[in-house]
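So the protein sequences, as listed, match chains V and A. When we follow my numbering, the leftmost residue of the first sequence carries the number 1, and every step to the right adds one. When we follow my numbering, the leftmost residue of the second sequence carries the number 1001, and every step to the right adds one.
Think of the hints as simulated: they come from the structure by calculation, not from any bench. Don't take every hint at face value.
Chain V is faced by these chain A residues, among others (derived, beta-carbon under 8 Å) [unchecked claim]:
no.	residue
1	V1040
2	P1043
3	N1047
4	E1048
5	A1116
6	Q1333
7	L1348
8	Y1364
9	V1368
10	K1369
11	D1380
Glycine included, C-beta positions come from ideal geometry on N, C-alpha and C.
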Amino acid sequence: MGATSEQVESLVRREYQHGFVTDIENETVPPGLNEDVVRLISAKKNEPQWMLDWRLEAYRNWLKMTPPSWAQVKHPEIDFQSISYYSAPKSKDDGPKSLDEVDPRLLETYEKLGIPLEEQKMLAGVAVDAVFDSVSVATTFREKLSEVGVIFCSISEALKDYPELVRQYIGSVVPENDNYFAALNSAVFSDGSFVYIPKGVRCPMELSTYFRINAQNTGQFERTLIVAEEGSYVSYLEGCTAPKRDENQLHAAVVELVAMTDAEIKYSTVQNWYPGDEDGRGGIYNFVTKRGECRGDRSKIAWTQVETGSAITWKYPSCVLKGDYSVGEFYSVALTSNHQQADTGTKMIHVGRNTTSTIIAKGISAMQGEQAYRGLVRFGKGAENARNYTQCDSLLVGDRCGAHTFPYIEAMNPTAKVEHEASTSKIGEDQLFYCKQRGISEEDAVSMIVNGFCKEVMKELPMEFAVEAQKLLGISLEGAVG
Amino acid sequence: MSAVDHYLNAFEAEAAGLPGRGQPWLDGIRDAGIERFAEVGFPTPRNEQWKYTRVAAIEKRRFGLPAAATPVTARQLEPFLFSGLACDRLVFVNGRYASALSSISEGEVRMESLAAVLKNEPALVEQHLAHYGDMKRNAFTALNAAFMLDGAYVHLPRNVAAERPVHLLFVSTEDGGEFAAHTRNLIVAEEGSSGKVIESYVALGDGGYLTNNATEVVLGANSELEHYKLQEESLKAFHIAALDVHQDRDSRFTSHAVSFGALLGRQDINAVLDAEGAVCNLYGLYVADGRQHVDFHTTVEHAKPHGTSREFYKGIIGGRARGVFNGRVHVHQDAQKTDSQQSNKNLLLSHHAEVDAKPELEIYADDVKCSHGATVGQLDDNMLFYLRSRGIDKEAARGLLTYGFAQDIIDHMSLAAVRDHLEGILVRRVPAAESVAGIL
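Chain V with its partners taken away, still in its complex shape (with noise of 0.2 Å):
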């Protein structure tokens, strides 16, 4: 086994490819929370007074707060008065209209991150919302998709654009005092996508957002909001990476989701950010709450991740299925290496009646990664017919990793049917013969093990991003991929 181990061990270890800094002028808030913080960022960004009365409510309810301790993971208490709540580049105070007037440092960045924001146009039909820190430095296509009446830019924007829309649904998934982190986004959120897609329009393209953390010390707090109205289908790719720091930075966003009658949504992300060093040095503490509501019947809302980066993830995307009928999907893969530690997984509320669910998580834990599934399906009394099926499958790469499964299972209706299933190994030795005794090397096998561990999930994703989700794969197992 000796020669696997190393050899494995190997394809783990891998340089962060997307750790350089962009050095670009900064307008940066000081260290430090309190309301003067949260007034600011609202006067930032001239938003109504609703606005500021609720970021303030979530402020204070956050005070009240403490962080939860209950998640798989380990890391120093985090202190919230050491990081900044606003940084934006400082060329934005036009705000630009087209590409041409963006920094052009700022698209060098997103090039090297293989993001092809310039050739989108011609090629892919991606429209990308690209958040720089803070503020949303460029949207492409939103004249193409103003046509059929989808609104896509920043949520700074929305609120100035449409505030009612806005004040509609904000907070109305995720309450500015649902759990810890979800309240201190309310507070502090700088930016984030807004997407309303009409009753009865097929968004005729894939959306994009590219969220990335740049400057120093500064937290991300994006929040994102897409409503679905009846009849309508969207499908939302996000992309996240942050340069190598040596601290630890703070990413808290809220994504809520609402899909009315028949209405459908897809959302893929593809997380990427910095996960530390070999050592477990620095690396994003992601900590998002990210949350759909089936409101109406026959809707649908599918969440299908790829967390490769960050130092610790913790991350449930659920879905609320309050119409009848409506459907709920969650499809994960999670590596962890190095010293990586996720808690993740997903909340099915069935609600509804006929309602159903389907779970498919894939974690791999490699050198000292720590991965747990938290999961939780619920039936409540009303939830006639309601079926759900969970599948968690854990690949074990070395003998120093960890991986646990903590699926909770409610069921309030004899009518209802779950099913939950989790296996946990190593790559089987077997497997490895099988495909070395027919002249596949080691390293080729040990690609075809995982990327055929990881294909229901992978499947799932947009094509474009499918591409991308199995390069970081491969540069996460580097030096396997053939």
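Since chain V is already given, all that's left is putting chain A on it; use the hints.
Using the frame of chain V, we list chain A on its own:
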């Protein structure tokens, strides 16, 4: 007076009369128990281990010593015996050993009242008593350590295969009033020995008492124990129990835990596979209806390599009852080549019933095979159709399938007499009981 104060005062008043008082090591255990309990009190739902089980009803009552009750006769015990089973029997009435009702044959296996051992030969149990139950984690175990009054001490000497099973029968009477029985059992199987122990908890009448039991099982190298735990308490009673098992090299432990009774029943089972090659099998069945609440918390600790564990639990929950299952498998870093499987299946029979299941895996070793599965649902429509197409009416078909669902667990028991006894109870607990009995 708060519940904690009530038990602190009771301890002060009763401690001197508890068996073995004056033995420094035992006093240490009792004092540590009451201190720990005073510190944490009764668990609340904020405690993850008690998330789904509220013990406020126990906290509200002031359980004390049993009232002087009318003596129990051998005849009264007949319904609780296993017909056709030749076994040794120790009977405990309201938590105290009743020698007149017990029958112990001559043999190499030693069995007697723990209170007697603590009084006469305390050194015998010093090595093991209260070494395995974790009173830090479980407030009831701490309370038991403080107040433990009586129970059974069973000792299987080296290389002895016990010929007869040992039946420990705990009877609670209605005229005992609202009392607490802090019973403690210690079962020690020395190297190479084997045996079978049946613990059953039954009631005469409809008392609202509390059984707070703690049983410790110590398995030496290459020993084997089949343990039965049958809970048929009164439907007004509270039954809290912890079974802590410590396994040495190549030992084999099998547990059958069946829960039919009690208003609130909570059973913790913790097995530590502390040497290579240990095997642990846990089978469980819980049936609850009316306003019953039943909770099973099991933990299998794979501490050393080459351990095997199998766990199969099934629950049938109807009426306004609630069933809770929490199965945790913890594989330590050293425990390579662990093979562990767990399955929990629940039948939910009513719109007012609830099942909360939480199978957990916590794994720190890489060369392991571990899996778990959990389901909650109702009877298979195809099976119902099959039976109905053969002229069995709907209710009877449901009853028959429910019976079959549960029998699957009972079938793992090696003692036919116990199987028959349980099947007799089970057939009365399924829907359309009369028709089912008729068909069978």
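Here is how each hint holds up against the structure:
1. V1040: The hint is violated - V1040 of chain A has no Cβ within 8 Å of chain V, the shortest such distance being about 17 Å.
2. P1043: Cβ of P1043 of chain A sits 16 Å from chain V, so the hint is violated.
3. N1047: Constraint on N1047 of chain A not satisfied, violated at 11 Å.
4. E1048: holds (7 Å)
5. A1116: With a minimum Cβ separation of about 44 Å from chain V (threshold 8 Å), the hint on A1116 of chain A is violated.
6. Q1333: Q1333 of chain A check passes; min Cβ-Cβ to chain V is 7 Å, inside 8 Å.
7. L1348: holds (4 Å)
8. Y1364: Hint on Y1364 of chain A: holds, closest Cβ of chain V at ~5 Å, below 8 Å.
9. V1368: With Cβ-Cβ at 6 Å, under 8 Å, it holds.
10. K1369: holds (5 Å)
11. D1380: violated (10 Å)
Consistency note: the structure conflicts with the earlier hints numbered 1, 2, 3, 5 and 11.
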